[in-house]
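Visitor: Residue strings, one per chain:
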Amino acid sequence: MISELGHFALTLAFFVACIQCVVPLIGAMTGRAALMALAAPAASAHFFLILGSFLALMHAFVTSDFTVRLVALNSHSLKPMIYKISGVWGNHEGSMLLWVLILALFGACAGWFGSNLTQSFRARVLAVQGAISVAFLAFILLTSNPFLRLVVPPFDGQDLNPLLQDPGLAFHPPFLYLGYVGLSMAFSFAVAALLEGRVDAAWARWVRPWTLAAWIFLTIGIALGSWWAYYELGWGGFWFWDPVENASFMPWLLAAALLHSAIVVEKRESLKSWTILLAILAFGFSLIGTFIVRSGVLTSVHAFANDPERGVFILIILAIFIGGALTLFAARASAMQARGAFSMVSRETALVLNNILLAVSALVVFVGTIWPLLAEMMFDRKLSVGPPFFNLAFTPFMIALGIAMPIGAMIPWKRGVVMRPVKRLLPVFVVALAAAGLIWAMQSGKSLQGPIGLFLGTWMVGGAITDLVSRLGKERDYSRLLRLPRSDWGKSVAHSGLGVTMFAVAGLMIWQQEDIRIVAPGETWSVGAYTFTLQDVSNVNGPNYRAVRGDVALEHKGRFITTLHPEKRFYPIANMPTTEAAIDYRFLRDVYLVLGDQQENGAWTLRTYIKPLTNWIWAGAFLMALGGGLSLTDRRFRVAAGARRKAPVATKNAPAE
Amino acid sequence: MRLRYIFLAFSFWIGCAYAVEPDEILADPALEARARVISKDLRCLVCQNESIDESNASLARDLRLLVRERLVMGESNKEVLDFVVTRYGEFALLRPQTKGSNVILWVAGPVMLLLALLIAFAYIRSRQAQVNSAASNALNEDEKERLDKILEQTNLE
Chain A
1 MISELGHFAL
11 TLAFFVACIQ
21 CVVPLIGAMT
31 GRAALMALAA
41 PAASAHFFLI
51 LGSFLALMHA
61 FVTSDFTVRL
71 VALNSHSLKP
81 MIYKISGVWG
91 NHEGSMLLWV
101 LILALFGACA
111 GWFGSNLTQS
121 FRARVLAVQG
131 AISVAFLAFI
141 LLTSNPFLRL
151 VVPPFDGQDL
161 NPLLQDPGLA
171 FHPPFLYLGY
181 VGLSMAFSFA
191 VAALLEGRVD
201 AAWARWVRPW
211 TLAAWIFLTI
221 GIALGSWWAY
231 YELGWGGFWF
241 WDPVENASFM
251 PWLLAAALLH
261 SAIVVEKRES
271 LKSWTILLAI
281 LAFGFSLIGT
291 FIVRSGVLTS
301 VHAFANDPER
311 GVFILIILAI
321 FIGGALTLFA
331 ARASAMQARG
341 AFSMVSRETA
351 LVLNNILLAV
361 SALVVFVGTI
371 WPLLAEMMFD
381 RKLSVGPPFF
391 NLAFTPFMIA
401 LGIAMPIGAM
411 IPWKRGVVMR
421 PVKRLLPVFV
431 VALAAAGLIW
441 AMQSGKSLQG
451 PIGLFLGTWM
461 VGGAITDLVS
471 RLGKERDYSR
481 LLRLPRSDWG
491 KSVAHSGLGV
501 TMFAVAGLMI
511 WQQEDIRIVA
521 PGETWSVGAY
531 TFTLQDVSNV
541 NGPNYRAVRG
551 DVALEHKGRF
561 ITTLHPEKRF
571 YPIANMPTTE
581 AAIDYRFLRD
591 VYLVLGDQQE
601 NGAWTLRTYI
611 KPLTNWIWAG
621 AFLMALGGGL
631 SLTDRRFRVA
641 AGARRKAPVA
651 TKNAPAE
Chain B
1 MRLRYIFLAF
11 SFWIGCAYAV
21 EPDEILADPA
31 LEARARVISK
41 DLRCLVCQNE
51 SIDESNASLA
61 RDLRLLVRER
71 LVMGESNKEV
81 LDFVVTRYGE
91 FALLRPQTKG
101 SNVILWVAGP
111 VMLLLALLIA
121 FAYIRSRQAQ
131 VNSAASNALN
141 EDEKERLDKI
151 LEQTNLE
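Those protein sequence lines, which keep their order, are chains A and B.
So that you can map any letter, position 542 of the first sequence is 542 in this note's numbering, and since no number is skipped, the others follow by simple counting.
So that you can map any letter, position 95 of the second sequence is 95 in this note's numbering, and since no number is skipped, the others follow by simple counting.
Please keep in mind that the hints were generated in silico from the structure rather than gathered at the bench.
Some hints could be false.
A few chain A residues that face chain B, going by a derived Cβ cut-off under 8 Å, partial list only [said to hold, decoys possible]:
| no. | residue |
| --- | --- |
| 1 | Trp239 |
| 2 | Phe240 |
| 3 | Ser270 |
| 4 | Ser273 |
| 5 | Ala341 |
| 6 | Met344 |
| 7 | Val360 |
| 8 | Val364 |
| 9 | Met377 |
| 10 | Lys382 |
| 11 | Leu383 |
| 12 | Pro387 |
Remember, it's a predicted structure, so these values are computed and weren't measured experimentally.
No residue lacks a Cβ here, since even glycine has one placed at the ideal position from N, Cα and C.
Model the full assembly from the supplied sequences, consistent with the hints where possible.
Guide: Okay, here's the thing in structure tokens:
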């Protein structure tokens, strides 16, 4: 019964979305306030209907209602509660429902907090949001209904893919979707601005926080996914340039570009049409990501929906929205007159360079991702594009970005002199160079990666600190440090986060140690300065799996550190084995231990990795997200939103008289 | 394409990838190191986007052994890769060749960067021209003379 209600609510949401899409748009075009006023309540109703539908599906999962096909296919009565809940979005249908739920949430937020927008603009934004929702609700209702019942329900379910039964992955999709779908706000604002034919600083002040929020969620989502891959997939890789990873990485790069170019629109009223285009592209790549994941056209580990019919449907949605928006852009972009003038050496130019590097690197990832498809269709070549290509083609952009960032971040607006920030940054440059030289000398000239990584890390973190200190004025009054605007702090924290991540990636790739061997219980071996003893191997039973668990004592230079428990698990219901690596997390390094197969003589294969700086990769990502958060709570967003609330209220009352 | 879908079913095994087994490792550390380098550029043919170095599929193991066999025979890294390509096609290469239509793939990045830089340069020049014209909005000699005349006249009136 509850499932039927959920289905009904979803259908109702579809019709409400249709109204939300059509009526306010007509109102905005004909200037009828009553029709425009419908937008916000429609967005709220739309959200609550989808929320109800989502909760109904969650209820089916939590109560293990196996008459619902989706639950029977993806759940099991013995599964721990947290995975029963995360199982709701651990499958195609449920994850699409989460997608539209978040879309509706963002739309409703624009309705609730958007009272400082002009009425016609808010109506248009909500209409565009409604249109996206209409398309995806139709997709769910027509091709992937989560509420289908089974005529003959099974006694128990088929269980969720054991790889997905993990706390890291339980919350990876919601964050990723908050990011993907958050970019729909930037898209709706861009399209609404094109329809109105007006972009100004106020527009940018609205778009930037939404983009920033979406970017923060994307950052967290990607970091969670990468962390999950690191500890769960069993060989300690953290990034594979898998099509599905690329699908989330491209919107991230474009969102990063967008939130930088929006600063230029906000502060200098330049780069308007470019920012609009970026907003369209960023969401376009979110849709492309959804298409790649959902259609399985570039099959990969993650693609759980391998249905061409669904793929074509999403492709049509993609073509309509992005094609439509780009056509509108081509027709209207010339109306966006740039106002601010600036010279060749200026913050504006630096941000243009930032945008070029981020956007082109996103396109490089895109070309690499779809090249196997293109080559097969156009040149009849079956080929692969793997990590070696991406490492070669993508990394130079990040190096260039890293080198330019500290200087660009300190050049003044409008017209600057490049020598002033360079002079300020000289000490940092020297320190970074010295650190890189030291590493270069120590590693006996093996590879450039380590020194470059260390140089970039030091340079970017040092540059971010220099930037903050330079804000203190001539007297170097450090008490002012805490009183600096949060956006300054946010910028420095996020920039150093990128530096930390770059350094960690380089360090991990260079200094990782690996050891593969066969070990009998009781035997001792050592890797680097660490000594390991396989004490015992025993059988253990989990709630819905059986496992073989090793007990390995870890010592460092004769001092006992901890006992590690690598496991090989077998999930009988899903009929799938998994590995649970045992990891000793420390500040400077991880010790990563994987239990392999048993040999004929009773000994076990054991893989040992010493992975330096691994945690810094995610610490850097966390710093980036934190920086974004600090910037998001900057005074100008908090106060400006409140201060401007009064003015539009007056205009809103005006027509009523 | 159909085959690829079947591979997907197998690809769930990726989750328990153990990669190189101890019995495969060559006695000569220099050769083994080269084998590892080559393995990272070769695709596990039945997996999705995984090198044979990372995969535990039996076909990946066969390929790893094949690579080591060829290395022991004294072939260079390139000869080994070429041998694998003639046997399994370029699908086996994770680093696409730079021949034929693949040139598009390899030059796409640099070309797009160059284009973007050119467009940006032209755009910034036009913005800069505005800075200059804003600066030249100051009156020139002729205009000053005319202004003076006008002011004089208004004063006289």
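Visitor: Please check whether Phe240/A passes as an interface residue: C-beta within 8 Å of a C-beta belonging to chain B.
Guide: Check passed: Cβ of Phe240/A comes within 6 Å of chain B, closer than 8 Å.
Visitor: Let's test the interface hint: is any C-beta of chain B closer than 8 Å to that of Ser270/A?
Guide: holds, 7 Å
Visitor: Would you settle whether the hint for Lys382/A is holds or violated, based on the nearest Cβ-Cβ distance to chain B being less than 8 Å?
Guide: holds, 5 Å
Visitor: Can Val364/A be said to touch chain B, with a Cβ gap under 8 Å?
Guide: Where the cut-off is 8 Å and the nearest Cβ of chain B is about 4 Å from Val364/A, the hint holds.
Visitor: With 8 Å as the cut and Cβ atoms as the points, is Trp239/A at the interface with chain B?
Guide: Violated. Min distance 12 Å.
Visitor: Do the numbers back the hint for Leu383/A, that is, is its least Cβ distance to chain B under 8 Å?
Guide: holds, 5 Å
Visitor: Hey, does the Val360/A contact hint survive, CB to chain B under 8 Å?
Guide: Holds, about 5 Å.
Visitor: Let's test the interface hint: is any C-beta of chain B closer than 8 Å to that of Met344/A?
Guide: Hint holds; Met344/A Cβ to chain B Cβ min 6 Å, cut 8 Å.
Visitor: Answer holds if the nearest beta-carbon of chain B is closer than 8 Å to that of Ser273/A; otherwise answer violated.
Guide: With a minimum Cβ separation of about 10 Å from chain B (threshold 8 Å), the hint on Ser273/A is violated.
Visitor: Against chain B, is Pro387/A within 8 Å by beta-carbon distance?
Guide: holds, 6 Å
Visitor: Measuring from the C-beta of Ala341/A to each C-beta in chain B, is the shortest one below 8 Å?
Guide: Since chain B brings a Cβ to about 4 Å from Ala341/A, closer than 8 Å, the hint holds.
Visitor: Minimum Cβ distance from Met377/A to chain B below 8 Å?
Guide: Hint violated; Met377/A Cβ to chain B Cβ min 11 Å, cut 8 Å.
Hints 1, 4 and 9 from the earlier list are contradicted by this structure; the remaining hints agree with it.
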